[in-house]
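*Asks:* Chain residues, written in single-letter form:
Protein chains: 2
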Amino acid sequence: MVFLKKLITLTLTIALPNKMQKLFEHINKYIEIDHDEFQEITKYFEIRKVKKKELLYEPGSKSLGHYFVLSGCLQLYIVEEGGTEHTLQFAIENWWITDYLAFHNNTDSECHIQAVKASTIFHLTKKNEEELLLRFPKMETYFRKIYQTAYGASLNRIRYLFIYSKEEIYFRFKEAFPDFVNNVPQYLVASFLGLSPEYVSKLKRKENS
Amino acid sequence: MVFLKKLITLTLTIALPNKMQKLFEHINKYIEIDHDEFQEITKYFEIRKVKKKELLYEPGSKSLGHYFVLSGCLQLYIVEEGGTEHTLQFAIENWWITDYLAFHNNTDSECHIQAVKASTIFHLTKKNEEELLLRFPKMETYFRKIYQTAYGASLNRIRYLFIYSKEEIYFRFKEAFPDFVNNVPQYLVASFLGLSPEYVSKLKRKENS
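Taken in sequence, the protein lines are chains R and B.
Quick note on numbering: the first sequence equals residues 1 to 209 in UniProt numbering.
Quick note on numbering: the second sequence equals residues 1 to 209 in UniProt numbering.
Where hints are given, some of them may not hold.
[As the list claims (entries may be wrong)] Pairs of lysine-lysine, BS3-like flavour, derived with a Cα cap of 27 Å:
hint : chain 1 : residue 1 : chain 2 : residue 2
1    : B       : 43        : R       : 145
2    : B       : 138       : R       : 29
3    : B       : 62        : R       : 145
4    : B       : 138       : R       : 126
5    : R       : 145       : B       : 204
6    : B       : 138       : R       : 127
7    : B       : 43        : B       : 145
8    : B       : 204       : B       : 174
9    : B       : 204       : B       : 52
10   : R       : 126       : R       : 166
11   : B       : 29        : B       : 138
12   : R       : 166       : R       : 43
13   : B       : 43        : R       : 138
14   : R       : 126       : B       : 29
15   : B       : 166       : B       : 43
16   : R       : 52        : R       : 19
17   : B       : 29        : R       : 145
18   : B       : 145       : R       : 43
19   : R       : 53        : R       : 202
20   : B       : 166       : R       : 166
21   : R       : 29        : R       : 202
22   : R       : 166       : B       : 202
23   : R       : 62        : B       : 145
24   : R       : 145       : B       : 145
25   : B       : 138       : R       : 138
26   : R       : 22        : R       : 43
27   : B       : 19        : B       : 29
28   : B       : 145       : R       : 22
29   : R       : 138       : B       : 174
30   : R       : 117       : R       : 62
31   : R       : 29        : B       : 126
32   : B       : 138       : B       : 174
33   : B       : 145       : R       : 138
34   : R       : 43        : B       : 138
35   : B       : 166       : B       : 19
36   : R       : 127       : R       : 49
Hints in this document: simulated from the structure, not taken from any laboratory.
Work out the full structure: start from the sequences and follow the hints.
*Replies:* Take a look at the structure:
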């Protein structure tokens, strides 16, 4: 079985563009799908290239999507009445993102979803997700595992917010997710951790001095 | 189909103890299962009565479980080095609870799980959950929906922590979840919202004056 999986992966490396290959490998980390199934599954996704700062969704827009990041970075954020932005979630390579309650309940979201940098993404509409899950029940297992990991990680984030000082939050986060901190603009890392950009600049100066 | 579902529910009202009936209805909110399937599914659960303050899991214990609250309330919390407790999650009636990353990765958890009050719960072991999901793939859909809701709710909680003042957090939470605030001891509501018990007492005095 392992041999077969390696053979499929090898075949796909040749047959698929590099970005598609990444999604194939990502799905195969959670469930087993073969080349033919993957080809069918991707028919439900729309591949899109988005520019830096391009908005995929804002309050009032119709049809909130579920997005998978092939390359780049997306950000889910809300804007307070006073204009301050708060990042609820980021999605870097191989992460899914949407406003889950709104997406699954088919209600309007109060959030914005924006590309932090030029990104290539898969866009899954609500209708297509439902059809995909009916046709490929094993994708239920894939999404169940994706959500349970995301939920566990968000409880960990709440834990960080509760128990660590602002300085500890930043350094522990940086230690745990160096790629993330190095690939996302500093003011957005600050917003994700509930810190002001000025405070993170101060910490970085302290670190480098 | 609706008629059939009503008939099954009616039959179960007679055939099942009240508490089991609640779980049957809860699962049927997300997927369709019939009486026979439900009887088979519950064979994977162990029903337990736990006393107030009874610990179901603490760091170092073996075999972290996945718990469904039939009645009562469970709490997932961590203890800081200094001894302060922080509540990461509560489960009231019809909620699941565990340390998801630890449960699903089969690693030790740093959390405690305790009964806030006398409770009746279903306990699902990791091994039984895996067997249940293999035998009843539709339960993948059930858990996928449970997790996506829990994940969405936890992003909302982070949003509360970011954008509202301490006073606003308490009153907005109370307005949104009156049953919860009225059924859980005040010091635990405080711990869930990242507030000190003294601060919540002060707010309640202010509210009543």
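*Asks:* In ascending order, which of the hints set out earlier in this document are inconsistent with the structure?
*Replies:* 5, 10, 12, 15, 21, 29, 32, 35
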